[in-house]
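Asker: Sequence:
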Amino acid sequence: MKKPSHTGEGSGFLPAIVITLFVTGYLITAYLTLDDDPRRLPELVGFVTLVLLAGELFKCYQSRSSAMPILTTDPPATEDEAPPLKDIHVLLYLVGLAVGIYLVGFYIAVPVYLIAAITSLGNQPLRTAVWVSVPASLGIYVVFELMLEFRLFHGVFFS
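Position 113 (the sequence shown) corresponds to 1239 in my numbering; numbering is contiguous.
These are computed hints drawn from the structure, not numbers from a lab.
Because the structure is a prediction, the values reported are computed rather than measured.
Accuracy of the hints is not assured; some may be wrong.
Said to hold, decoys possible - Derived CB-CB ranges, DEER-like:
hint : residue 1 : residue 2 : range
1    : Ser-1189  : Asp-1162  : 26 to 34 Å
2    : Pro-1251  : Asp-1162  : 24 to 32 Å
3    : Arg-1277  : Tyr-1187  : 36 to 44 Å
4    : Leu-1176  : Ser-1285  : 14 to 22 Å
5    : Ala-1242  : Thr-1150  : 25 to 33 Å
6    : Val-1216  : Thr-1159  : 38 to 46 Å
7    : Val-1177  : Pro-1261  : 19 to 27 Å
8    : Asn-1249  : Met-1273  : 29 to 37 Å
9    : Val-1282  : Gln-1188  : 43 to 51 Å
10   : Ser-1285  : Leu-1167  : 31 to 39 Å
Cβ coordinates follow ideal geometry from the N, Cα and C atoms, glycine included.
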């Protein structure tokens, strides 16, 4: 007998709460262990993330209160819809990003990751992936190198 699964808009509470707790711990750690200047970046990232998570929690609350979850007993129709396989695929891309950042740095790894993820996971054409990755990479450079004067890691091959 198959166990019914809940699929609905309000099912994002647990991940949002776990991430909120993680970001709160991150902010507390940054506040207790860093001086004022090095603390600017973790605070900026942490507070922006908390604002986005507050919006996500509000959306989950609104959708949960307005609709009941749908009970299904059917397995996913295709392999693309199978959550564990898709989660593993996404996780492998993130591991590749982390290894890429370590080896060649942010400025090479992030555009390569974005192009690979957008074309493979997002099923978008290469042109779209390039149009997204170039401004994102330039934005990373402007924010970190120019505005915050924070030198991002250039990788073990280029350091």
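Asker: For each hint, tell me whether it holds in the structure or not.
Answerer: A quick look at each hint next to the structure:
| no. | hint | in the structure |
| --- | --- | --- |
| 1 | Ser-1189 / Asp-1162: 26 to 34 Å | violated (40 Å) |
| 2 | Pro-1251 / Asp-1162: 24 to 32 Å | violated (46 Å) |
| 3 | Arg-1277 / Tyr-1187: 36 to 44 Å | holds (41 Å) |
| 4 | Leu-1176 / Ser-1285: 14 to 22 Å | violated (32 Å) |
| 5 | Ala-1242 / Thr-1150: 25 to 33 Å | holds (32 Å) |
| 6 | Val-1216 / Thr-1159: 38 to 46 Å | violated (31 Å) |
| 7 | Val-1177 / Pro-1261: 19 to 27 Å | holds (22 Å) |
| 8 | Asn-1249 / Met-1273: 29 to 37 Å | holds (34 Å) |
| 9 | Val-1282 / Gln-1188: 43 to 51 Å | holds (46 Å) |
| 10 | Ser-1285 / Leu-1167: 31 to 39 Å | violated (19 Å) |
In terms of the numbered hints stated before, the structure departs from hints 1, 2, 4, 6 and 10, listed from lowest to highest.
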